[in-house]
Every structure is written in C-alpha cells, then in structure tokens.
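Participant: The chain contents come next:
Protein chains: 2
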Amino acid sequence: MAGAKKSDSASQAPASDLEAYKVDQQIGFFLRQANQRHVAIFSALMGDRLTTTQWAALTKLREIQPTSQNQLGRDTAMDVATIKGVVDRLVARGYVATAPDPQDGRRLILSLTGEGEAAIARNIKTAIAVTDDTLSPLTSGERMMLIELLRKIC
Amino acid sequence: MAGAKKSDSASQAPASDLEAYKVDQQIGFFLRQANQRHVAIFSALMGDRLTTTQWAALTKLREIQPTSQNQLGRDTAMDVATIKGVVDRLVARGYVATAPDPQDGRRLILSLTGEGEAAIARNIKTAIAVTDDTLSPLTSGERMMLIELLRKIC
DNA sequence: TGATATTCATTCGTATACAAACGATATGCG
DNA sequence: CGCATATCGTTTGTATACGAATGAATATCA
Chain A
1 MAGAKKSDSA
11 SQAPASDLEA
21 YKVDQQIGFF
31 LRQANQRHVA
41 IFSALMGDRL
51 TTTQWAALTK
61 LREIQPTSQN
71 QLGRDTAMDV
81 ATIKGVVDRL
91 VARGYVATAP
101 DPQDGRRLIL
111 SLTGEGEAAI
121 ARNIKTAIAV
131 TDDTLSPLTS
141 GERMMLIELL
151 RKIC
Chain B
1001 MAGAKKSDSA
1011 SQAPASDLEA
1021 YKVDQQIGFF
1031 LRQANQRHVA
1041 IFSALMGDRL
1051 TTTQWAALTK
1061 LREIQPTSQN
1071 QLGRDTAMDV
1081 ATIKGVVDRL
1091 VARGYVATAP
1101 DPQDGRRLIL
1111 SLTGEGEAAI
1121 ARNIKTAIAV
1131 TDDTLSPLTS
1141 GERMMLIELL
1151 RKIC
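In order, the protein sequence lines correspond to chains A and B. The first sequence lines up with residues 1 to 154 when you count with our numbering. The second sequence lines up with residues 1001 to 1154 when you count with our numbering.
Check before you lean on any hint, since a few could be wrong.
[To be verified] Computed far set for chain A versus chain B, every beta-carbon distance over 12 Å: (1) Arg49; (2) Pro66; (3) Thr67; (4) Asn70; (5) Asp88; (6) Gly94; (7) Ile109; (8) Thr113; (9) Glu115.
[As the list claims (entries may be wrong)] If you only want the chain A side, here are some residues facing chain B, beta carbon under 8 Å, derived: (10) Val23; (11) Ile27; (12) Gly28; (13) Phe29; (14) Arg37; (15) Phe42; (16) Thr59; (17) Ala77; (18) Leu138; (19) Glu142; (20) Leu150.
[Stated by the list, open to error] For lysine-lysine, the following DSSO-like pairs were computed, each having C-alpha atoms within a straight-line distance of at most 30 Å: (21) A:Lys125 with B:Lys1022; (22) B:Lys1125 with B:Lys1084; (23) A:Lys152 with B:Lys1125; (24) B:Lys1125 with B:Lys1152; (25) B:Lys1084 with A:Lys84; (26) B:Lys1152 with A:Lys152; (27) B:Lys1152 with A:Lys22; (28) A:Lys125 with A:Lys84; (29) A:Lys84 with B:Lys1022; (30) A:Lys22 with A:Lys152; (31) B:Lys1022 with A:Lys152; (32) A:Lys152 with A:Lys84; (33) B:Lys1152 with B:Lys1084; (34) A:Lys125 with B:Lys1152; (35) B:Lys1152 with B:Lys1022; (36) B:Lys1125 with A:Lys22; (37) A:Lys22 with B:Lys1084; (38) A:Lys125 with A:Lys152.
None of these hints come from the bench; they were simulated from the model. Ideal Cβ placement from N, Cα and C applies to all residues, glycine included.
Take the sequences, apply the hints, and build the full model.
Facilitator: Right, here's the structure in full:
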C-alpha cells in the first residue's frame, strides 16, 4: 500500500516532480514563444498596421465571401466575441462591408470592399515573406515536418 | 525594364500569389491554433483558476526566487506590462510576496509565499498531464522532434 | 401548430500581449 | 563630481482571447 506510484490522487506531489518540472521545457511554453516570435515578425514586416488576426480574417473572407460573421470566425479559429472585434475594426477601416441577410434575420453578411481587396493585394507578398522569415531557421524538410506535427496537435 | 520579377516594389501582386495563398496553411495560423488548443487543455485540467502565464510565473519564480519583477518577465518571455499584471494577480491571491530591494531602489523583489508553494505542489501533476494531453496525438519520437523544431524558431 | 432547442450577434468581465511614454533610480565615464 | 545612459516599474491605449449571459431569429420535432 505504501509507496504507490500515485499518492492521494491530486492532493500532494512527490518532490521528484517538483524538481524535474521546468516550465520552459514544456510544449506550452514553446508554443507560446514561437507564436510570439511569429507575431513580432508579422508586425515588423506587414504594412497598414494590420495584425495577424485581421490579416487572417481578410484573406479568409476573400476565399469564402459572402459569409456570416460567426462563420468567418469559425474558419479563422476565432471566438464569436473575438471575431466581432476584429470585424468591427476592419469595417471601421473600410476593408469590410456588412449587410443584413434577407433570408436569415440573425445573420450579418460580410464581404470585402475594394479597399479590402487592395489591402490584400498590397500586402500579399509581405505575408509570404513573414511565413518565410518565421521558418528561416529550418530546412525545407524541417518546415514540412513542423507543419505536419502542428497539424496533428491542432 | 518591363516584366521585372517584382513589379512596382509593393504596390501590386500577381494573381498567382493571390490564388495560391491560404492563411490556414501558413505557419502562423498553425502556431496560433496549436497554442489555443494547449491553453484550452490547460484551462480544462488545471485547478485554482490558474492561467498558463500565471503558472509559468509561479513555477519559474520557484526556480529563481528571490528575483525582480522584470527579471521574472524576461525568464518567462513576458513584456514588462504583461508580467506586472500577472504578478499583481498572483499577489492579490497571496501566492507571491513583494518587497523593496535594499540594494536597488528601483527593484521589486518577488518571492513565493507558502500558499504559492502549496499551489504549485497541488497542481504539478496536472501540469504534467497538460503537457502529455497536448502531445497525445504524437509518438514519443514526434514529440521530441516537435520540441526541437519549435526551439529552433524561437 | 406549438413548445423546445439551436444559432446568431452582442455585451460584459477578466486576462494576456505589446508599444510608448513616464518618473525614479543606478551606473558609466570623463 | 556631474552628466549621459541605462534600467526598473508604472501607466495608458489598443488588440486579441474566451467564458458567460442575453435577446432575437430560426430550426426541429412531437
């Protein structure tokens, strides 16, 4: 009975765990830091004060427009509250237009404006450069491997 | 002069780029999503309403205490403004104690309280489980590979 | 049809995340 | 010593990020 592998479920922890655990070697720490570096590269290169999420919303909207706000959020992995803020700012800039859905009174139909299209065209090469810069420490094979591993844990 | 590889610097983009570019296949999108999933797993498993950054600050402080607020921020990859908010909330909970540095009037010395130590001990096993859950879709070899690739792009 | 459930968008509250500006304090060097 | 520089912590403003609650509109199904 004594010396079992797990003590009283989650009440106490053996000193070994305390000693061995290092936050900065956990996957979560690396994911957070890697994302931070990517966002920093994006901010440094991208023009028009566009953020990563704004860019994601813009380019995804280009693919699937016209669509509803929540649908755009789902396709860009954003919460309903988050996508609303992003869309609001894009609308305020004149990049996105909104209209009520005649078929569904709940929906808010989104579409790109000419300015929105132009903003994408103006920055598309930079966006590609951001991806390339972020992956620059890796070989071509490593890049594919990283993408594949990240895809698996998403 | 006409037909150069890059048109007027950053003004226009070829249609090929516009067609080929998919946000949800870029490294930034995967990093953001993978981090989101990790945070979701952390929130679901971890007790005491601890966030990922609060946990990082607590456990790192345990390693290097006593230390200054900005130093803790550097060691946990947090901005000075960010670490301040995190520390403030940990202090409000009684997990962290602050004291002025007798040697340096600018510094705020941080250390763990007994409650802070207890919170770590109480949740350390869960933290390990969070890492394991996040990496559960991967084999042991893939996990090491992912960590290594992320380390390279940090 | 009518009650129930679902979806959509909004709002509120909390928590990162970071740029920028600020005052206070230390440190460096001539 | 005195000044330029750097560091520390704080504050403000903007932008994600998400849980939770809400009201309006739609869908489902007994």
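Participant: Please go over all the hints and tell whether each is borne out by the structure.
Facilitator: Do the hints match the structure? See the list:
1. Arg49: Answer for A:Arg49: holds, closest chain B Cβ roughly 15 Å.
2. Pro66: At roughly 18 Å from the nearest Cβ of chain B, A:Pro66 sits farther out than 12 Å, so the non-interface label holds.
3. Thr67: Answer for A:Thr67: holds, closest chain B Cβ roughly 14 Å.
4. Asn70: Since the minimum Cβ distance to chain B is about 17 Å, A:Asn70 lies beyond 12 Å and the statement holds.
5. Asp88: 20 Å, holds
6. Gly94: Answer for A:Gly94: holds, closest chain B Cβ roughly 19 Å.
7. Ile109: For A:Ile109, whose nearest Cβ neighbour in chain B is about 20 Å away, the distance exceeds 12 Å, so it holds.
8. Thr113: 16 Å, holds
9. Glu115: 15 Å, holds
10. Val23: Interface hint status for A:Val23: holds (5 Å vs cutoff 8 Å).
11. Ile27: Where the cut-off is 8 Å and the nearest Cβ of chain B is about 5 Å from A:Ile27, the hint holds.
12. Gly28: 5 Å, holds
13. Phe29: 7 Å, holds
14. Arg37: With a closest approach of 6 Å, the A:Arg37 hint holds.
15. Phe42: 7 Å, holds
16. Thr59: Where the cut-off is 8 Å and the nearest Cβ of chain B is about 5 Å from A:Thr59, the hint holds.
17. Ala77: This interface hint holds because 5 Å falls under the 8 Å limit.
18. Leu138: 6 Å, holds
19. Glu142: At 6 Å from the nearest chain B Cβ, A:Glu142 passes the 8 Å test, so the hint holds.
20. Leu150: Holds. Min distance 4 Å.
21. A:Lys125 with B:Lys1022: 13 Å, holds
22. B:Lys1125 with B:Lys1084: 27 Å, holds
23. A:Lys152 with B:Lys1125: Holds - the C-alpha atoms of B:Lys1125 and A:Lys152 are around 24 Å apart, at most 30 Å.
24. B:Lys1125 with B:Lys1152: 28 Å, holds
25. B:Lys1084 with A:Lys84: Given that 30 Å is the threshold and the Cα spacing comes to 28 Å, the pair holds.
26. B:Lys1152 with A:Lys152: 19 Å, holds
27. B:Lys1152 with A:Lys22: 18 Å, holds
28. A:Lys125 with A:Lys84: Distance of about 27 Å is within 30 Å: holds.
29. A:Lys84 with B:Lys1022: Given pair A:Lys84, B:Lys1022 holds - Cα atoms ~22 Å apart, limit 30 Å.
30. A:Lys22 with A:Lys152: Since the Cα atoms of A:Lys22 and A:Lys152 sit roughly 24 Å apart, the hinted pair holds (cutoff 30 Å).
31. B:Lys1022 with A:Lys152: 18 Å, holds
32. A:Lys152 with A:Lys84: The hint holds at about 28 Å.
33. B:Lys1152 with B:Lys1084: Distance of about 28 Å is within 30 Å: holds.
34. A:Lys125 with B:Lys1152: 24 Å, holds
35. B:Lys1152 with B:Lys1022: Given that 30 Å is the threshold and the Cα spacing comes to 24 Å, the pair holds.
36. B:Lys1125 with A:Lys22: 13 Å, holds
37. A:Lys22 with B:Lys1084: 22 Å, holds
38. A:Lys125 with A:Lys152: 28 Å, holds
Consistency with the previously given hints is maintained throughout, with no hint failing.
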